[in-house]
Every structure is written in C-alpha cells, then in structure tokens.
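Hints in hand, dock the two standalone chains.
Protein chains in written order, with the working numbering: chain A, 1 to 289; chain B, 1001 to 1291.
Bear in mind the hints are in silico, worked out from the structure with no lab data behind them. Glycine is no exception: its CB is placed at the ideal position from the N, C-alpha and C atoms. Incorrect hints may have been included.
What the hints assert, rightly or not - One side only, chain B facing chain A, incomplete, derived with CB under 7 Å:
(1) Phe-1035
(2) Leu-1045
(3) Leu-1109
(4) Asn-1112
(5) Ser-1134
(6) Pro-1193
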Amino acid sequence: MKKRKILQNLMYLPALGLMIAFIVYPLFRGFLYSFYKWNGYSQNMTFVGFKNYLDMMGNQFFRIAFWNTVLYAVFSTLLQEVLGIAFALFLNSRFKGRIAVRTVIYLPVIISALLIGYMMTFLFQYHYGVFNEILQWFGMEPIDWLRDPGRGRLIISLVTGWHYTGSSMIIFMAGLQNIPDMYIEAAKLDGATKWQLFSRITLPLLQPAVASTVLLNMVGGLKIYDSIVSLTNGGPVQKTNSLSTLISYTYFTSEKAGYASAIGMFQFVFIFIISFFINRYFAGKEVEY
Amino acid sequence: MDKIKGHPESLGKKIQERNKKEKVWWKYTVSLVIFVIYLLPIYVLVVMSFKEKTDFSSRLLLPDYLYLDNYIKALKEGGFLNALKNTCFVTALTVGIIVILGCMAAYPLSRNRSRLNSIIKSICMGVMMIPSLSILVGVYTEIVSMNGVNCFWPVIVIGAAFGLPTAILLYSNFINSIPSSLDEAAALDGASPFKTFWHVILPQLKPVTATLVIQQGVGAWNNFVYPSYFLQKPAKYTLVLLIRQYFGTADSGSNLNGAAAVAILSTLPIVVLYIFMQKYFIQGQIDGAVK
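Excised from the complex, chain B in its bound form (with noise of 0.2 Å):
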C-alpha cells in the first residue's frame, strides 16, 4: 500500500522540483541581461578610468597593467578636492534650508484648513511644475542685479526653492497622519504654536526628514542647470562642473581617461550610500509620487 501510494507522489515532487528549477533558469537569464544592460555604461567608465591616455585598446578590456595615475591626478591637482568640498558645502545647505523651512510649513498647511491656506497650497503645487529654463532669463537677471554671479547663495536658495514643494507635501501628507488631539492638549496646557511643533511634531518627523534628506542631497549634488550659469569661476566649481570640464575639453582628443576617474571619484560618495541606504531611496521614490 504504501510503496503504491508513495510512488506518484515523490514522482510529483520531482515533476514540480524540475519545472521550478526551469523557471528559475528563465530568472537568472533575464537577470543577466539586466545587468549587462545596466551595468555595461558603468563598466566602460571604470574600465576608461584604469587606462593610459595612450591606450587604445577595446573600452571592453580591463587593461593588463595597474594604472591609477587618473586617480592620483585627479585627487593632486586640487581641483577635484575643492570641487568636492564646495559640493558637500552648497548640498547640506539646500538640504538644511528644504527640511527646516519645509517642515515648519507644512505644519500650518496641514493643521489650519481655511481658504487661505488651500490656496497657498496650491502655489506650492503650482510652483512643482515650473520648469528651472522657464524661468532661466528671470532668474539670471535677477541675481546678476544682486551680484549674485560667481557665489554659492544664489544656487542654494534656488535650489531650496525648487525642493520645498516636495518636502511640503511630503510632510504635510506624514503630519495629517498625526492624530491632532496631540497638539490640542499641548495648546490646553499653555504651550505656543512654536512649542507645541517643536515638543510635539518635530520629534515624530524623523524618518519622513530621512527620505527627504537623502532624496533632496541627491539632487542638490547633481544638480547642474544653475551651478553652470551662476559658478563660472573654476574655483567655484561643484563635482558636476568639474565633469562638464574634463569631458568638455576632451572633445579635441584630450583625456578622457582622467575625465573617467574625476568622474567616479565624483559618484561613488552617492552610490556607496546608495547601496548602504538603500530602503531610505526606495522609500523617497515611493513617497514623491504618491500625490
């Protein structure tokens, strides 16, 4: 009996372990593919990065020999260095000027609904959807009239302009989450509007200002439109200046293998926290677009 009954059934086991092992064969090709495709333009950039200016055999093939004078050009010349420090200097910045401004709105937006206040609400919606060239001739001529050309604050402030959208809404959606009884036993027991945010809702606002901050630090270092035109002066450059730079002049056959290195020096800050913090991107992605 049991021989009988055993018999189709470890049969059946084997049926269904086969086809899932086929299925997962399937898996792993699709797999492969995405990482050529994906990975093949980073690949050539690391590859490039490794090579003698001299050198040109297939941006396929890693080269034969260890050749990290790119880098150590790159990390020498200064450029690089201070182009890393105005970085870091005009990103924290924007961030810190977005999330402090930012929360502090939203506070108001999402506790006070009166007329007045969906109405200031949609100028920030509003404000989302303007192009940054839209507004380049206002905006060059506004700042050149201040002086503004050559300094970092005009690309702070514009740059924290064109992020408080989104961290307003961002944190205006996670306080309506926030049950308002909290608050209003604060006010009961005397506090101000200033304290009853600071005690009350500042604190439950950390991982919200997580995503916020990583998404918006992500941008501020790429960002390109108004660093170009208002950080004209080499020593004013931000990473992504540097790169335009390098490739830049490298269309008459100069070196794009120092471009490559500048380049990656430039990134792996991004993508090592990319890959470290990685629930923290996903979770901004997910929150920008839930409207």
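Next comes chain A alone, as it looks inside the complex (with noise of 0.2 Å):
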C-alpha cells in the first residue's frame, strides 16, 4: 500500500513542477535582485543591501502609488460588497425578468479588465465623451475627468467596483440560497421589521459569503493593473499608479530592474499579511446555527 501511496504521488510532480518553475523560483530570483542596484540588460549589477528597500520608503511615487492601491481596494471592495449584498437581495424575491437582469449585472465580469478600461474612457473622454456631453445638456461645463489625479483615482475605484459587483452578487446569492427559510419565517411571526430581519438574521448568515468575497475583492483590488492602463496609464505624472503599474513603470520605463523587484516584494507581503488578517478577522466571527 505504501508503495501505490508513492506512486500516487507522482501524480502531482508536473503540476509542483511547472509552479515552482515560473512562479516561486521567479519569486525567489526577484528577491535576490531586490538586493542590487541593476538597469535588467547589462552585466554591471552592484550589491547594495537593503538600500533600495530604504529608496523606496522615502520615495514618493512609491508612497502614492502605495496608498493609491489601498484606495483601489477599499473603495471597490465598499463598492461590491454592498451593491452585491443590495443585488442579491433584489434578485431574491421572484418577479419575470430577474434571469435577465443578473445576466447583465454579471456580463462585465466576462469582458476583459483592459477593454473596459478602453469602454469607459467614451464615457470620460474630454471631448465628446458620454458625461460631459451630459453635463452641457444642463448648460454645465465639461469637466476633464481623468486628468485630475483625485477624479482620476475616483474612476478607477469606481470602474473597478462597477466590473466585478456580478462576481459578489453571485456568491451572495448562493449564501441567501443556503439561509433556511424557518429562520426567517420565525423572525417575521416575532414581528421583526424588514431592518431587523436583514441585520439580525440574513446578515450573520451571511458572513461566510461575506468573508469569502472581501477577500476576493480586496486582494484583487491590491493587484489591480489592467484597468490602470486602460483609464490613466497611471498618469497625470505618475499619480494614479497602484503598485503593479508602478513595478512594471520601475522596471521597463525607469529600468530599475532592483528597485522594481523590491517594490514587487513589497507588494506580495503586503497582500499576505492583509489576507492573512480579513481571514483571521472573519475566523473569529463565524456564526453557528
């Protein structure tokens, strides 16, 4: 029998394999680098400690794109986490119809970050774009929306929260589906108002939905990219950045191929230690019925 257990085990060599061989070990070379003073082509690479550790704390652009980030994630997962609750809710009760409208409410989820992105900026564009053509129906003034740093930041949380409420909404619907209805039948003859109902009873039942798509969302708002290149590039002058565009800004721009990597490394404890804690948070609040 030990010999057949070994054997299985085989079974899971090429798959450790290939993620060893293009995930860790990059992981563990970028951490190495992280350590150099490096341009990424030449031959000349320069130990230098930790200082691009230390280069990068007192860095500004850095500092932006770092709490930038945390903006992204933040605000898109507020964003997602109450329209998907709001949505499932809504979907929840039957009337004719309801198929279509999840159906659309899901459909950004499908299209890809980067196109997105591109679909927005007819909405945003300074000339002839959907808002401001809007706003001068009503005599006003056009605004350049993704030129300003602060409206800017504004749109790509916004969009981001826009693209992937479908994937919330869905995951609460599955968690309202799995609520027994004895529950609330119970509370409605208590005389409960619909307040109560939703903060007493639907909303503890809910927390493991909960748990599972604000980690979700906050470690996919952490790593967002795509949708920056789209929207702002990460501009105006670098104010937009999170720190996946500021890495790939560092490396093949800049071509600080050290710096870029410490930033990356950076950026892979943060997200560890933020999932580490909403799980820890959400372990300790498991309701049991």
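Have a look at this one:
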C-alpha cells in the first residue's frame, strides 16, 4: 500500500514543477535582485543591501502608488459588498425578468479589464465623452475627468467596483439560498421589521459569503493593473499608479530592475499580511446555527 | 349568506393584487436603472463601432446610415484573424494544461492525507496569493535567458501555473466527495493508481471540468499582463493586445471607431458563450469562492 501511495504522489509532480519553475522560482529570483542595483539587462550588478527598500520607503511615487492601491482596494471592495448584497437581495425576490437582470450585472465580469477601461474612456473623455455631453445638456462646463489625479483615482475605483460587482452578487445569491427559510419565518412571526430581519438574521448568516467576497475583492483590488493601463496609464505624472503599474513602469521605463523587485516583494508581503488578517478577522466571527 | 361572505374576500383579493402590482412596478423601475448602468458603456461601444471616423455626433445616438466598414476593415486587414488564431491557440493550450495537470495533482492530494501532502497543498494555496506583477522582474529575466520573448510558450506555461492552484482546489474538493471505497475496490482488483484514476475518478470529474474550462478559458482569453510583455511582435498579438494597439494609437485622434469594432469582434465569442452557458459561468464563480 505504501508503494501505491508513493506512485500516486508522482501524479502531482508535473503541476508542482510548473508552479515552482514559473512562480516560486521567479519570486525567489526577484527577492535576490531586490538587493542589487541593476538596470535589468547589463552585466553590471552592484550589491547594495537594503538600499532599494530604504529608497522605496522614502520615495514619493512609491508612497502615492501605495496609498492609491489601498484606496482602489478598499473603495472598490466596499462598493462590491454593498451593491453585491443589495443586488442579491433584490434578485432573491421573485419577479419576471430577474434572470435577465442577473445576466446583465454579471456580463462585465467576463470582459477583459483592459477593454472595460477603454469602454469607460468613451464615457469619460473630455471631447465627445458621454458624461460631458450630459453636463452640456444642463448648460454646465465640461470636465476633464481623467486628467485630474483625484478624479482619476475615484474613477478607477468606481470602474473596478462596477466591473466585478456581479461576481460578489453571485456569491451572495448562493449564500442566500443556503439560509433556511424557517429562521426568516420565525423572525417574521415574532414581528421583526424588515431592517431587523436583514441585520439580525440575513447578514449574520451571510457571513461566510461576506468573508470570501471581502478576501477575493481586496486581494483583487490590491493587484489592480489592467484597467489602470487603459484608463489613465498611471498618469497624470504617475499620480494614479497602483503598486502593479508602478512595478512595470519602474522596470521597463525607468530601467531599475532591482528597485522594481523590491516593490514587488513589498506588494507580495503586503497582500499576504492583509489576507492573513482578513481570514483571521472572519474566522473569529463565525456564527453557528 | 353567500354574498355577505363573498364580498370582503374578493375585496381582499383585489387589494392584494393591487399591492402585488405596485411591488412589481418598483422592481421593474430598479431593473431599468440597473440595465442603464450596466449596459450604457457596452451600448456606446456598439454605437461607436457603427459610425464613421469623421462622425462626431452624440455617442448616445445610433447613426442614421448603415456603416459596416469598421468591421469589414478589421476582418480584411488580417490583424484580427491572426490575433484570433493566436488567442485560440494560447487559450486552448493553457486550459488543457490546467485541466490535465490539475486533476492529476488533485487526486493524490485529496486521497493521501500525509504531512508532506498537506505541505504541498499549502504551497498551492500560497501560490494563489502571489501577485503576477510581484514576480515580474524574476519571471521576465528568466524567460529572456530561455530565449522565450515573442514565443507563445511563456504565456501558456505562466498562465497555466497561475491557474493550477484553483484547478487543484476545485478538483480536490470534488474528489473528496467521491467515496474512497471505489478506489479501494479497484486496487483490490489489481488496478494501478494511474488506472484507478483513469477509470474510476476521471469519468466522474466532468461537471467540475466544464466549470473549470469555462472559468480558466475566459481568464486566458482576457489575459493581458504577461502577453503584453512576452508577445511584442504584432504577428504574435493576442486579441487583448490587438485591442490595446487600436486604442493606444487612438489617443492622437485616430480611429476610435475601428477600435470599437475590433473590441466587439474580440469579445463576441465570450459573450455568446456566456449567454448560452451561463450556468457554468455562475457555477465557476460559486465554486471558486468556496475555500
């Protein structure tokens, strides 16, 4: 039987090999590069110790990208949680055409984030953009939506929230299906108001769905890359970068491979820590019924 | 008697019906708002794709002429068909590798609960958390040293490596629900582990495989990060890269309408698949969230 188990174990070697060769090993390589000053292609590599990490902490573009990333993740997650639950509750009631509504809300999820960004520029562009046209109907001045860092950040968060609300909604709909009717019925008999029903019964019982969507959305938000490329490309003057777009810019445009690796390591550790705390926070709140 | 009894009842029914109607009205209004919010960007894209480059009329209004040149040009100029071919190739191989290696790996991991295997399982879950940009420098230099720039294989193997953890997770959850007495019986009959896997486990994995193919297929089709670094020659472009090329050059006032047509042609296959196989898309979303 033991030999059989060893034979069985051989079956995971190809998958493991692929993940190690193209994810774990490059991570390790990047970790080493992060201690060097290097432009990414020349033979000249100088060991600089923790200098890249220290430079990073003091660099304003890094700080901007870091806080932007936090903003994108938190704001889009909030949007997806609130709208996701609201849509799920709305579609949980029976009416004709609810499947069509579900289809439409989930539709953007299957479209590439890059294209979603480009589609949105048709709405936000200064010239001929749909939103400026609407402003002009009411006699208002057009706004250069994406060329202002503040508005750019807001739009990136909103677009990301809009893009993925459908996926949270689906998870919440599945969660609602798992709530036994008798709890709702019992609370109704006890004269609970709609708000009490939601806050005391539905929401606590949706907790597993909240936990997994918060984790999914936060991690996704902290990695955000594609839609920034198509919406602002990090501009104006690097003010809407996320950590991901900053890494790409630092490596390929500024040619600072060591420094870009350091940002990469920071991003990895940061996401790891955040997911750890999200998991722990929700594990402590598990409800039993 | 009958009249007196019947009257309040029918009145009650009428009130109930009216309440029901009002409730439904509220729902249709909300639905309409949702439709506008979710379909407006797509509608504008469609409108743009049917307009001439020189047509600067409102993007909210459909043109009053029939203009298909954006589509015809996109199909004729060859860039699109080539990118479509490249995308199909990359997607099929990526998904194929994910499915085959994924179910193979999930079988021992869910059947042999040894210490080693639980470590391996946590490595898989850890890999899931590594952001693709964090390893950018490491992976790019690795592929350059292997002469992989402008080849499809780096995009395929890296895409597969990032998709594998999800596949292993989904497959091992599913295999856990298959009674292990089935494999034991096969083992007693003298079947090797591979034979047992092939004849006993594999035939039962069809539903998860369908979900996984859809989920990972959409991911590979839409993949942007690594193709954009490794596929630099236009001849090697996938559809997403072609879209970027069209829109990217559009900043200087050139052909946004052509870009819209290419974007629609590139997304149509996925949207059609979604409309007809929605069940699998939804299932993939639900399964992927359960840890």
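Review point. Going by Cβ atoms only, is B:Ser-1134 closer than 7 Å to chain A?
Key: holds, 4 Å
Check your understanding: Regarding the hint that B:Pro-1193 lies at the interface with chain A, is the smallest CB-CB distance below 7 Å?
Key -> Because about 4 Å separates B:Pro-1193 from the closest Cβ in chain A, which is inside the 7 Å limit, the hint holds.
Review point. Hint check: is the beta carbon of B:Phe-1035 less than 7 Å from a beta carbon of chain A?
Key: holds, 6 Å
Exercise for review: Double-check B:Asn-1112 for me: the hint is only fine if its C-beta lies closer than 7 Å to a C-beta in chain A.
Suggested key: Where the cut-off is 7 Å and the nearest Cβ of chain A is about 5 Å from B:Asn-1112, the hint holds.
Check your understanding: For the hint on B:Leu-1109, does the least C-beta distance to chain A fall short of 7 Å?
Key -> holds, 6 Å
Exercise for review: Hold the hint about B:Leu-1045 up to the distance rule: shortest CB distance to chain A must be less than 7 Å.
Suggested key: holds, 5 Å
The earlier numbered hints are all upheld by this structure, with none contradicted.
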